[in-house]
Amino acid sequence: MPSPSRNGSTKAGDWRTYERVLLPSIRNLHRFDVYVKHGGYKALRAVLTHTKKWAPGNVIEAVKASGLRGRGGAGFPTGLKWSFMPPVDPGTPRYIACNGDESEPGTFKDRQLMEYNPHLIFEGILIAAWAMQIDATYLYIRGEYADWIRHMEYELGKLYTEGYVGQRIMGTDFSSEIIIHKGAGAYICGEETSLLESVEGKRAYPRIKPPFPAQKGLWGRPTTVNNVETLACAPLIINRGAEWFAGIGPEKHPGPVLYGMSGHVERPGVYEYPTGMLITDLIEEVAGGMRGGKKLKAIVPGGASVPVLRADMIDGVTMDTESLREAGSMMGTAGMLVMDEDTDMVKFLRRVTRFYHHESCGQCTPCREGTGWIENLVTRIDEGEGTLRDLDILLELCDQMEGRTVCALADAAAWPVRNTIQRFREEFEAKCRQSIYAMA
Amino acid sequence: MRSFSSAPLIRSWEKPTNNPAVSDFIKHPVVPLPDQSPEPVFFEEDLVFTDAEKEQIEAFRAQYPTPEGAVMKTLWLAQEKFGFLPPEVIHLVADTLDIPFSLAYGVATFYTQYYKAKKGAYVLDVCTCFSCQLCGGYDMLHYLEEKLGVREGETTEDGLFTIQGVECLGACGTAPMLQVTNGSYVHNLSREKMDALIEALKNGDMPPFVSVTLPQDEDALDGNRRSDVDATDTGRTPPIAETLE
Ligand SMILES: Cc1cc2nc3c(=O)[nH]c(=O)nc-3n(C[C@H](O)[C@H](O)[C@H](O)COP(=O)(O)O)c2cc1C
Ligand code: SF4
Ligand code: FES
Chain A
362 MPSPSRNGST
372 KAGDWRTYER
382 VLLPSIRNLH
392 RFDVYVKHGG
402 YKALRAVLTH
412 TKKWAPGNVI
422 EAVKASGLRG
432 RGGAGFPTGL
442 KWSFMPPVDP
452 GTPRYIACNG
462 DESEPGTFKD
472 RQLMEYNPHL
482 IFEGILIAAW
492 AMQIDATYLY
502 IRGEYADWIR
512 HMEYELGKLY
522 TEGYVGQRIM
532 GTDFSSEIII
542 HKGAGAYICG
552 EETSLLESVE
562 GKRAYPRIKP
572 PFPAQKGLWG
582 RPTTVNNVET
592 LACAPLIINR
602 GAEWFAGIGP
612 EKHPGPVLYG
622 MSGHVERPGV
632 YEYPTGMLIT
642 DLIEEVAGGM
652 RGGKKLKAIV
662 PGGASVPVLR
672 ADMIDGVTMD
682 TESLREAGSM
692 MGTAGMLVMD
702 EDTDMVKFLR
712 RVTRFYHHES
722 CGQCTPCREG
732 TGWIENLVTR
742 IDEGEGTLRD
752 LDILLELCDQ
762 MEGRTVCALA
772 DAAAWPVRNT
782 IQRFREEFEA
792 KCRQSIYAMA
Chain B
1020 MRSFSSAPLI
1030 RSWEKPTNNP
1040 AVSDFIKHPV
1050 VPLPDQSPEP
1060 VFFEEDLVFT
1070 DAEKEQIEAF
1080 RAQYPTPEGA
1090 VMKTLWLAQE
1100 KFGFLPPEVI
1110 HLVADTLDIP
1120 FSLAYGVATF
1130 YTQYYKAKKG
1140 AYVLDVCTCF
1150 SCQLCGGYDM
1160 LHYLEEKLGV
1170 REGETTEDGL
1180 FTIQGVECLG
1190 ACGTAPMLQV
1200 TNGSYVHNLS
1210 REKMDALIEA
1220 LKNGDMPPFV
1230 SVTLPQDEDA
1240 LDGNRRSDVD
1250 ATDTGRTPPI
1260 AETLE
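The listed protein sequences correspond, in order, to chains A and B.
If you're matching positions, the first sequence starts at 362 in the numbering used here and goes up one per residue.
If you're matching positions, the second sequence starts at 1020 in the numbering used here and goes up one per residue.
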């Protein structure tokens, strides 16, 4: 028997008996016929046939009431985002850009969803398309996922032959297309406006906001950008009701979440549980504890962009926006990296800074130059040639980058640096002191 | 009124100059410029799309309101056909879509998966990012370098393998891992697995699609839930990192 969690109850409720809904344990659920046999496309049919009960505005209200927040990293309330779309203008096409770029280091949940339950994504897209009266959805999948794109295209082809997408869906008056767009290897394409540029067939330089995509998105038309997992929640909300969804996990950030556990744990992988899981539960019980019985040193709760937490900072902290903010981090993509006592935090940070330097699109000077300088400085410290002053220069560089750029990549690059140095300062100082240039 | 001369426009850098310093600067710019018109690799007569490919490209075009939208898919198609994208292939793509060359070239050079130079028959993209770094990604990369006798970014002499260290590929639960030529993922790498992979690739066998078991399915479904995939992998035993970098 697993032991009870440290402080008795969690916001996630009785998670041990939690029944999976995003990735339920049904064999071959990725196939159209199996999905339909297990109640698939029931939500879509309900919405499209009971057009009074499920008028577009009512669907949006239901999503608002469910409390669903975006799973792509920013955690923006989804229903609210949908309501930003301007009223329908018959001459202007409207789009959804579904974000399956998933390049945030430490995140691999969308890929598992595409592999095991692609039709939930398609159904979610079509429900969102109805709610916002969308003409076409561009489903952006990163180019590395070539195999999964193939699978998704195969299943999408079946949907077209069954008449579940395209013209006059299920024989109703509603028409909406889904087009899969294959990326080609650029982290920045996950940023919503950069993704739009990429779909338009340009170099993926993020756009200045405002105007927001809801006003001027794809080809200047109203567009909503949502993560794959976010949209996959829509059929669940229609089928089981907004109250059911809102009742899972903590009140302010409810719903099922795919946690991606990686790093030094016994059983890494994607797990579906409610939001608000205790981090300690996730590591100790869900992921089977630390590998080789080592001690925990640090975790990164939601992808490389969010601040790292020391082992002594996670007691009682749960995986939801509020609790993680109090602890000094963020929910991000819920892709959690676990590090054991042997991890060298300087080397860790060095690799993270290399990532951002490589992926900066180069549009803004603070980001293009800053990420490069940060990498150089951290590398210098790691190579034993740093000085204590370098640490201050690094923190100053972060100040110069944050909030001064077109998109949030510069902030995402600065936060790990700032927080890793602040939270593991002794380690950085030790390396600087050993350095050949050490001052006294 | 001023009238415009009809003389051909001469750009300042094309004007003959007598100042040795200036002409020297033009010949040797501070920042090395890329070779703007390299020797073409492909013969003119090979630079065509077949009717089937043209039809495919038309289908891509129909998916977007503008021809530019189809450029990424067409570049993918061209890369699969020609192996990589030298300028003349990008020209072909641009001409087929009837868009400016500069636009297609700009797109091709923005994304890392479009190969601008010739690579080995198999490109081994070893992930060394984040989770893979912690679980031995660099060990795997160095092992490959030793085994094949080339450094990261280089191609073996027989033209078979190119090794690259890449950013997170979205399979962190099965770290360390690699991808073969923008295609199959190989999960939970170990030295033995890599030896077997190299042998298989030498025989021309691409690794099959491998499905990663969800840990919760192992409990609930006793193994993998997908019956159309024979090869499955669990995320249990990644090797411990010896080196982080
Ligand atoms: C640099 C950067 C990279 C991002 N990468 C991704 C990504 O790979 N996948 C994703 O879903 N969202 C990503 N986002 C977040 C998106 O901009 C956007 O907030 C999200 O797709 C909105 O969907 P949601 O409301 O459903 O979360 C990224 C943001 C930034 C600033
Ligand atoms: S912040 Fe960085 S990634 Fe974002 S637009 Fe500017 S240069 Fe590009
Ligand atoms: S870090 Fe290697 S796949 Fe994500």
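Keep in mind that the hints are not guaranteed to be accurate.
To be verified - No farther apart than 30 Å at their CA atoms in a straight line, the calculated lysine-lysine pairs in the DSSO-like style are these:
| hint | chain 1 | residue 1 | chain 2 | residue 2 |
| --- | --- | --- | --- | --- |
| 1 | A | Lys519 | A | Lys403 |
| 2 | A | Lys563 | A | Lys543 |
| 3 | B | Lys1166 | A | Lys708 |
| 4 | A | Lys563 | B | Lys1221 |
| 5 | A | Lys563 | A | Lys398 |
| 6 | A | Lys655 | A | Lys613 |
| 7 | B | Lys1137 | A | Lys543 |
| 8 | A | Lys543 | B | Lys1100 |
| 9 | B | Lys1166 | B | Lys1221 |
| 10 | B | Lys1137 | B | Lys1166 |
| 11 | A | Lys519 | B | Lys1137 |
| 12 | A | Lys658 | A | Lys425 |
| 13 | A | Lys563 | B | Lys1166 |
| 14 | A | Lys708 | B | Lys1221 |
| 15 | A | Lys563 | B | Lys1100 |
| 16 | A | Lys658 | A | Lys708 |
| 17 | A | Lys658 | B | Lys1100 |
| 18 | B | Lys1138 | A | Lys543 |
| 19 | A | Lys577 | B | Lys1221 |
| 20 | A | Lys543 | B | Lys1166 |
| 21 | A | Lys413 | A | Lys425 |
| 22 | A | Lys519 | B | Lys1212 |
| 23 | A | Lys563 | B | Lys1212 |
| 24 | B | Lys1221 | A | Lys656 |
| 25 | B | Lys1135 | B | Lys1100 |
| 26 | B | Lys1073 | A | Lys655 |
| 27 | A | Lys519 | B | Lys1135 |
| 28 | B | Lys1073 | B | Lys1166 |
Stated by the list, open to error - Stretch by stretch, here's where chain B covers chain A in the computed footprint (C-beta under 8 Å, at least three residues):
| hint | stretch |
| --- | --- |
| 29 | 402-412 |
| 30 | 452-465 |
| 31 | 506-512 |
| 32 | 524-531 |
| 33 | 548-560 |
| 34 | 622-631 |
| 35 | 701-715 |
Calculated from the structure, these hints are not laboratory results.
We put the beta carbon where it would ideally sit given N, CA and C, even for glycine.
### Query
Has the given pair, B:Lys1166 with A:Lys708, been kept, meaning a C-alpha gap of at most 30 Å?
holds (25 Å)
### Query
Between A:Lys658 and A:Lys425, is the straight-line Cα distance small enough, at 30 Å or below?
violated (38 Å)
### Message
Hinted pair, alpha-carbon criterion (30 Å max): A:Lys655, A:Lys613. Please report holds or violated.
### Response
violated (34 Å)
### Message
Given the hinted pair A:Lys543 and B:Lys1166, is their Cα-Cα distance within 30 Å?
### Response
violated (33 Å)
### Query
Taking 30 Å as the top limit, are the C-alpha atoms of B:Lys1073 and B:Lys1166 close enough?
violated (42 Å)
### Query
Has the given pair, A:Lys563 with B:Lys1100, been kept, meaning a C-alpha gap of at most 30 Å?
holds (22 Å)
### Message
Checking one constraint from the list: CA of A:Lys543 to CA of B:Lys1100, max 30 Å. Satisfied?
### Response
holds (17 Å)
### Query
At a Cβ distance under 8 Å, does chain B reach at least three residues of the stretch 506-512 of chain A?
Coverage by chain B holds here, the residue count being 3 at a Cβ distance below 8 Å.
### Task
Check, residue by residue, whether the stretch 524-531 of chain A contains three or more positions whose beta-carbon lies closer than 8 Å to a beta-carbon of chain B, and give the verdict.
violated (count 0)
### Query
Holds or violated: are the alpha carbons of B:Lys1166 and B:Lys1221 at most 30 Å from each other?
Satisfied, since the Cα-Cα distance of roughly 14 Å is no more than 30 Å.
### Query
Under the criterion that the straight-line Cα-Cα distance not exceed 30 Å, is the pair A:Lys563, B:Lys1166 satisfied?
Not satisfied, since the Cα-Cα distance of roughly 39 Å exceeds 30 Å.
### Query
Has the stretch 402-412 of chain A got at least three residues whose CB is nearer than 8 Å to a CB belonging to chain B?
violated (count 0)
In summary, the structure is inconsistent with hints 4, 5, 6, 11, 12, 13, 14, 17, 19, 20, 22, 23, 24, 26, 27, 28, 29, 32 from the numbered list given earlier, while agreeing with the others.
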